[in-house]
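Visitor: Each chain, letter by letter, is given below.
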Amino acid sequence: MKRDDLDRIFDQALLHQTADAPSAASLEQIGSRITSNLKPVRPLAASGYLFAAFIGIMALVVAAGVYRIGTGGLSAMNALQAGSVFLVLLLSIVLAADALIRQMIPGSRRWISQGPLLTGILLAIFLVFAALFRVQPDPKFWTEARWCLTAGTLAGAITGVLSWFVLRRGAILSPRLAGATAGLLAGLTSITLQEIYCPNLDVLHILTAHFGTMLICTLAGATIGFIAEARR
Amino acid sequence: MESSLQERIESGQSTTNLDGWMARYQQADPDAPVFLVRALSPALLQFFRAQLSTREQADDLLQETWLRIHRVRHTYRPGEPVLPWVYAIARRVRIDGYRRKRRISEHETAMEIIPEKPARDTQSGGLPAFETLVAALPEAQREVLTMLKVSGLSLEEVARATSSTVGAVKQKAHRAYERLRTLLQAHTRDEAEEA
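One line per chain: the protein sequences are A and B, in this order. So the first sequence is numbered by our numbering: it starts at 1 and just counts up by one. So the second sequence is numbered by our numbering: it starts at 1 and just counts up by one.
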């Protein structure tokens with residue numbers, strides 16, 4: 001069996017396509033439904049504006065948190081730790097925001113599949129944090145972890161709600177994927193805030209409370225998206 | 001007006017034409033959706049039929065696709081190719097429709113044989129019909145092959161429509177061809193033995 005035979009079958013399918021066309025009545029019905037409700041629309045804002053909107057929301061939440069809680073984390077970290085942490089967070093934020101914008105526009109070009117991208121971001125942050133910080137036994141481990149989890153989740157929730165107002169302008173074809181991405185973005189806001197204010201450099205605290213918050217936000221977003229998709 | 005619109009439809013649907021008509025659609029030109037519906041619906045219907053939909057299901061999916069296109073027409077970016085945008089929506093409508101009817105399984109397994117012949121099965125030359133052949137493919141390969149060969153999208157356009165990369169599309173197409181070649185060879189052998 002040669003490829004030519006397969007291509008011949010496909011050519012026949014193209015011919016058959018004309019013979020199996022939608023009925024004129026069906027097309028008329030579709031056209032009537034659309035034109036009866038036809039109004040001009042404003043095209044979706046350029047990707048740069050959408051990107052700025054998401055980043056602006058994140059910056060606003062982080063700024064509000066820092067104003068309220070302080071910058072103890074920045075003071076506690078050395079230059080290598082601070083530089084590495086915020087570099088990986090910045091790159092992750094850019095990639096996640098870009099991925100979310102592409103999900104708002106059907107047919108957007110993708111450089112990498114979204115699932116591996118989200119997984120890669122989570123993994124990269126985990127590995128960087130695990131490499132940069134050491135175990136520092138803390139008798140108040142759970143008290144402090146609970147505090148950071150609460151503050152971080154609140155920041156993530158606020159980011160998620162505000163981001164929704166931007167996200168809803170797009171055409172979300174896969175709510176679960178968009179939810180996970182939006183959740184990750186909210187989680188990145190939380191962890192950025194936590195790294196700025198939290199002076200606790202115990203790696204177990206960071207991975208449990210800070211990274212844990214990011215996971216909670218991502219899973220929450222994915223769950224919301226899953227529910228929305230199930231109701232379609 | 002009607003005859004000139006028809007002439008424009010019949011004169012071919014270059015991507016440039018489609019881009020322009022989409023922009024006019026966004027500006028509420030009443031001729032634009034009519035043109036687009038007539039120009040794109042045959043290929044969309046074939047796309048749905050090739051994904052194991054009955055004619056009735058395909059018609060329903062076609063209607064739903066156009067309604068969704070209408071709702072999200074503001075997300076089309078003037079200047080960008082129309083077909084990936086349309087097929088991304090159509091693809092999603094198909095997936096949502098099946099999930100809603102609980103007919104898509106997340107763990108489909110490919111059939112190793114060509115299924116029993118439906119009513120309209122063979123084409124001239126004794127080869128199985130397109131729908132029969134692609135029914136034996138996994139969903140992802142079937143989708144890619146249909147878009148490439150029946151809907152006439154490029155690799156780049158299929159990648160965009162399926163939220164994938166060009167490399168992944170090439171791989172799926174290659175595997176689809178290989179599987180079809182194997183199945184057709186077995187089918188031809190079986191028919192020769194029966195004869």
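Since the hints were derived computationally from the structure, they do not count as laboratory data. Just to be clear, a hint being listed does not mean it is correct.
Some chain A residues close to chain B (C-beta under 10 Å, calculated; not the full set) [to be verified]:
id, residue
1, Arg-3
2, Ile-9
3, Ala-131
4, Arg-134
5, Lys-140
6, Glu-144
7, Arg-146
8, Ala-171
9, Asp-202
10, Leu-207
In this text the structure is predicted, and so the values were computed from the model without any measurement. All C-beta atoms in this analysis are idealised placements derived from N, C-alpha and C, irrespective of residue type, glycine included.
Visitor: If a hint holds in the structure, say so; if it does not, say that too.
Guide: Against the structure, the hints come out as follows:
{"no.": "1", "hint": "Arg-3", "verdict": "holds, 7 Å"}
{"no.": "2", "hint": "Ile-9", "verdict": "holds, 5 Å"}
{"no.": "3", "hint": "Ala-131", "verdict": "violated, 30 Å"}
{"no.": "4", "hint": "Arg-134", "verdict": "violated, 39 Å"}
{"no.": "5", "hint": "Lys-140", "verdict": "violated, 45 Å"}
{"no.": "6", "hint": "Glu-144", "verdict": "violated, 41 Å"}
{"no.": "7", "hint": "Arg-146", "verdict": "violated, 37 Å"}
{"no.": "8", "hint": "Ala-171", "verdict": "holds, 4 Å"}
{"no.": "9", "hint": "Asp-202", "verdict": "violated, 40 Å"}
{"no.": "10", "hint": "Leu-207", "verdict": "violated, 31 Å"}
Violated hints, in rising order: 3, 4, 5, 6, 7, 9 and 10; the structure is consistent with all others.
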